[in-house]
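Participant: Spelled out from the first residue to the last, the chains are:
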Amino acid sequence: MDTITDAVLNSWNLDPWLLIPALVISLLYARGWSRQHKRAPHRFGFPQLISFSAGLISVLLALISPLDTFAGWLLTVHMIQHLLLMMVGPALILYGNPYLPLLAGMPRSFLKDGVAPFFASVTLRRVARFVTHPVFCWTAFVFTTIAWHTPPMYQLALNSPTWHAVEHLCFLTTALLFWSPIIQPYPLVPQMPRWSIIPYLFFADFQNTALSAFLIFYERVLYPAYETAPRIAGMTVLEDQAAAGAIMWVASSIFFLIPVALITIEVLSQKKTPRLRKRVVVGQSQLRKRTERQAAKHRPRRRTAIDLLSLPLIGSILRWRYFRRSVQAVMFVVAIIVVADGFFGPQVAAMNLAGVLPWTHWRGFSVIALLVVGNVVCMACPFNFVRDLGRRLLPASWSWPRRLRSKWITVSLLFIFFWAYEAFSLWERPRSVAWLIVGYFAAALIIDGLYKGASFCKYVCPVGQYQFIQSLISPVEVGVRSPTVCNTCTTHDCLRGNSQQRGCELQLFQPQKTSNMDCTFCLDCVSACPHENVSLLATLPGTQLVKIEGRKRSLRWFRRFDGAVLIFLLVFAGFINAGSMSESVQRWEQALQQTLGRSSFQMILFVSFLIALVAIPVILVAASVWLGKLFSRRPMSWRESVSTFAQAFVPLGFSMWLAHFSYHLVNGALTAVPVVQRAARSAGLSILGKPDWSLSASMINFGWLPSAQLLMLGLGLLFTLYIGWRLASSFRLKFAWTLGMVAPWAVLALVLYAAGVWIIFQPMQMRGMMMDGTAEWCVSK
Amino acid sequence: MVCEQMKKKSKRKSSIRGHLFGQTLLVVLTICASAIMVRADGGVVLWQQTSGSITVTAFATQSPLRIGPADISFLIENNDQSRPILDARVIVALEDAGGVTADGEATHDQARNKLLYCSVMNLVKPGPGRMKVIVTDGSEKYDLDHKVEVSGRQSPLIEHWKLLTFPFMIAILFVFHQRLAWMKHAWPPG
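Going line by line, the protein sequences match chains A and B.
Take 1 as the starting number for the first sequence in our numbering and just add one per residue.
Take 1 as the starting number for the second sequence in our numbering and just add one per residue.
Chain A extracted, bound-state conformation (with noise of 0.2 Å):
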C-alpha cells in the first residue's frame, strides 16, 4: 500500500468520550434487545439487531475514522462525514427499533426511580409528541442543515472543535427526529396519515437539490478556510466544493427517494384493518406489563454486594489467618525506619523519609484506598503492636470514662493538628515528624494499656476518625452476608467473641451496623462468627450515605453532635488545609512571620485556624439551619438539623481531600525514590545505587490534572446535594418546603465548591520537594 494512503487510513480519533457512550448505548440495547426478542421476535429480530448495530457503527465512523481527520482540509470529506451522520446512521438506528430495547436493558430500579418520572409527565409527554411531530421533525432538519452551511456557522465548526461537536450533535439529533415519521420506530404513533410523508421527503430532497446546486455551480469559495488547507487530493478548492455539492445531491436525493418509492407502494396497498390491530396488540402488551409489575413486586430482591471473601484469589489472601498481622508488621518496619530516619537523618525535608513518606505518599494513598477499596490504613495500622503490646503490660481493666465517650477528644486533636501542621511547617521538620509518630506509639500504648477495649482507635486517634468519616464513601464495608441468619443466632460472637477470638472491640454489632463508621476492618467479627455469615461485601462507592438518610433506631450515630461537629471539622479542614498551600495564603503566611516574629505569628495563626475552622463554619452552618427551617416552616432544633445534614457534606470534603492529596502523590511520586536510595546509603546498602535527586526537583506536567481534580470536585458536589435532598424528603413535606429545607444547605455547598474550584486554580507550594524559589509554584496550572 501507499505511503500515504497507508498514513491516512492510520489517521483514526479514538476518543473516549465518543467510544465509551458508544459502547454503553450497544450493551443497553443488546441486553434490552435480548429481552425483548423473546418477547415479541417479529419486532425485535435479527435484522433490528443488525441494523442498530450497523447504524451506531455508522455514526462512530463518521466520528472516529480518518473522514472526521480530514474534514478540515477536504469538503468533500466532510460531505460524506455529514450524510452518514445525516442519512445513514439515524435511518438505520430507527430501524432497530431501539425505544424499548434502550429502557429494558437499563437497570431495573434506575427505569423505575430514574427515567419513569419523565414518562410519565403529561407536560413532558405533550413535549415529545410536539417535536416528534412531522412538521416540527422536518422543519428541525431543514433549519439545521441550512442554517450549519452557511458561510459563518461552517467557518466556526471548523475552526472550534467544540462548536464542531455541537454541529453533529444538532445533525445526528435532527436527523433522528426527520427518519422518525418516515421509519415509525416502535411504538412511536404516527401523528398524520402515511401518505403524508411523501410530500414530506419530496420537500426535503427539494431543499437537498437547491442547496447541493449552490455548492456545485457557486463560481467562489465558500469556506475560505479550506482555501489554507492543504490540498492533498489534488482538487482545487473550488473542485472539492462541486464534487461535495454532487455527493450531497446525488447521495441524499437516492436517500430521500427510496423511501418515497416503498411508502407509495405500501400506502397504495394499505388495507384498513390494521390499525385496529394494533389497538388490540398494544391492550395485551399493556395486560402483560401490568401482570409483570404485581409479580415484579413479589419477587425478592437481589443483593447487589459482591462478597470479596468468597472471590477465588482474593477471598483466600483475605482470610488467610496472618494477612493482617503480615501487613501491620510491613507497615511497623516501615514506620520505625521513617522514625529512625526522622531522628537521625538529614533534616531537609526532601531529602528525609520522614519529610516524604507520610505527607506525599501514605496521605496520596490512603485516600485513593479510601475511594477504591475501604479504611485499608485501619487494617494495616502499625499502632495495633504496641496496643497489643500495652495490653501484655499494663492491666487493660479499666473501662472508658462515660463522659469521655464521644468524639469531642478527636475534635480538639485534629483542630490541634491542623494548627500545628500550618504554625510549625511539621511538613519540613523530619525530627518533629518522628516525635510525632513517636507519640502516637506511646499514647497508643498508654490507652489500650490501661482501658479495655480499643477505647484509642474509638474515641483518641484523629487519624483513626478521618479515615472512619471518609470511609463512608468507601465501596468496601463489613457487613452480614444474610440478615435472616443474624435473626437465628443467639450467641452473637461478632460482638462478644468465644473462646478462639474476641469479638469486636470497638463494640460494632453486625446485624445492626450500617457503616464503615468506627470500623477498623480488624475482620475480628469475620473469624469469630461460627456461621460464617460475617464478610467484606462491596458495592457502589457512596452506597453506606445513601442508606443513613433513613431514621432507623440503628443509624442513631448519624444523629449525634459531636459526629456532626466532626464532620464539619474534617470538611472545612479539608478545603483550609489545601489553601494553605496555595501561593496567596502561603505570601500572607511569610509576610506575617517577618513582621510578628515566629512566636507571635504562631498565635496568629492559632486565631486565624479559629475563625476558618470554627467562627465561619457556626456562621455558615447556623445560617443554613436558620434559612432552612424559615423555608421548610417545619420546627426543628437546631441540633437536630445540624447532625442530620453534616452527613451530606462528606463527599464534598472527602472530593477536597482526594483532589489535594492525589495532585501531591502524582506530582510527587517520584521524589520517594532519592530518598529511599539516600536512606539506604545511610544504612550502609549501596545496592539501590546513588541517589538521583533531579527526581526530586522536576515537575512532570500533568495537564489533565486540574481537569481531574475539578472532576473530583465536582462529583462530590453532585454527591453532597443529592443526600441532601435525600435527607430533607425524609421529613416528607411539601415539594417546595423540601426544596426550602434543602436549599440553604445547598448554597454551603456551593460556596465550599467554589473555593475548592479557586484552591485548585492557584499556584501550589510542592511541599516535601526540592524547588527553588522561582519553581517552588506549580506554575503549570
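Don't read these hints as lab results, they were simulated from the structure.
Predicted model only: the values in this text are computed from it and were never measured.
Among the clues, some could well be false.
Derived DMTMM-like pairs: lysine to aspartate or glutamate, alpha-carbon spacing no greater than 25 Å straight-line [claimed, not checked]:
id: 1; chain 1: B; residue 1: 125; chain 2: A; residue 2: 583
id: 2; chain 1: B; residue 1: 147; chain 2: A; residue 2: 227
id: 3; chain 1: B; residue 1: 147; chain 2: B; residue 2: 95
id: 4; chain 1: A; residue 1: 547; chain 2: A; residue 2: 113
id: 5; chain 1: B; residue 1: 147; chain 2: B; residue 2: 137
id: 6; chain 1: B; residue 1: 132; chain 2: B; residue 2: 145
id: 7; chain 1: B; residue 1: 147; chain 2: B; residue 2: 105
id: 8; chain 1: B; residue 1: 162; chain 2: A; residue 2: 15
id: 9; chain 1: A; residue 1: 734; chain 2: A; residue 2: 589
Since chain A is already given, all that's left is putting chain B on it; use the hints.
Facilitator: Only chain B this time, still in chain A's reference frame:
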C-alpha cells in the same frame, strides 16, 4: 439433579458473559488509553512557508497560541510532486528576545493525522517570538522561520467550563426529575 445442572449451566453462562464483558471493557479501555496518549489533529493553520522544494504548513489547536501546553503540527509537502513527505525529521524551536523558550522534535507518533508531524510544547511566556523549524529530508536540510504571537493564558474558568458547569446541569435535571416524581406519587418517592 436437573435443577443442579441448570444452575451450573446458568452459572457457566453468566461467567462467560462476565468474561466477555471484561474482555470488551479491557479492549475499549486500552483503545481509550492509547487515544489519550495520541495528541493533535492539525487544527487551525498558523502559517505556510516555502523553502526550496518543500512547503511547510504549521497547524495549532488554537490560534493565536496561548500559554500552556500546545499541540503544534506540520505538514511537509514536496512542491515538485505535490505530495506530503512522510520520512523527514522535523525539529521545532520557539524563540523570543531572551532565547529559546521551548523546543522539541515533531513526530508522526504524537499526531492523530498521520500525514502531520506533531510536537506538544509547553509555552511559558507571552508575547511576540519566532518559530524556527528545521526539516531534514534525506540529504537536504531546510531552515524555516516565522513570526508567532503567544497570548496570555486563557481564564481557567473558560478553559474548564464543561467540567465547571456539569454539576449544575445535573443538579437542575435532578430537581426537575424529583418534581415530576413528586407529582406522580403526590409524596416523596423512595
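Participant: Taking the numbered hints from earlier one at a time, note which ones the structure violates and give those numbers from smallest to largest.
Facilitator: Violated hint: only 9; rest satisfied.
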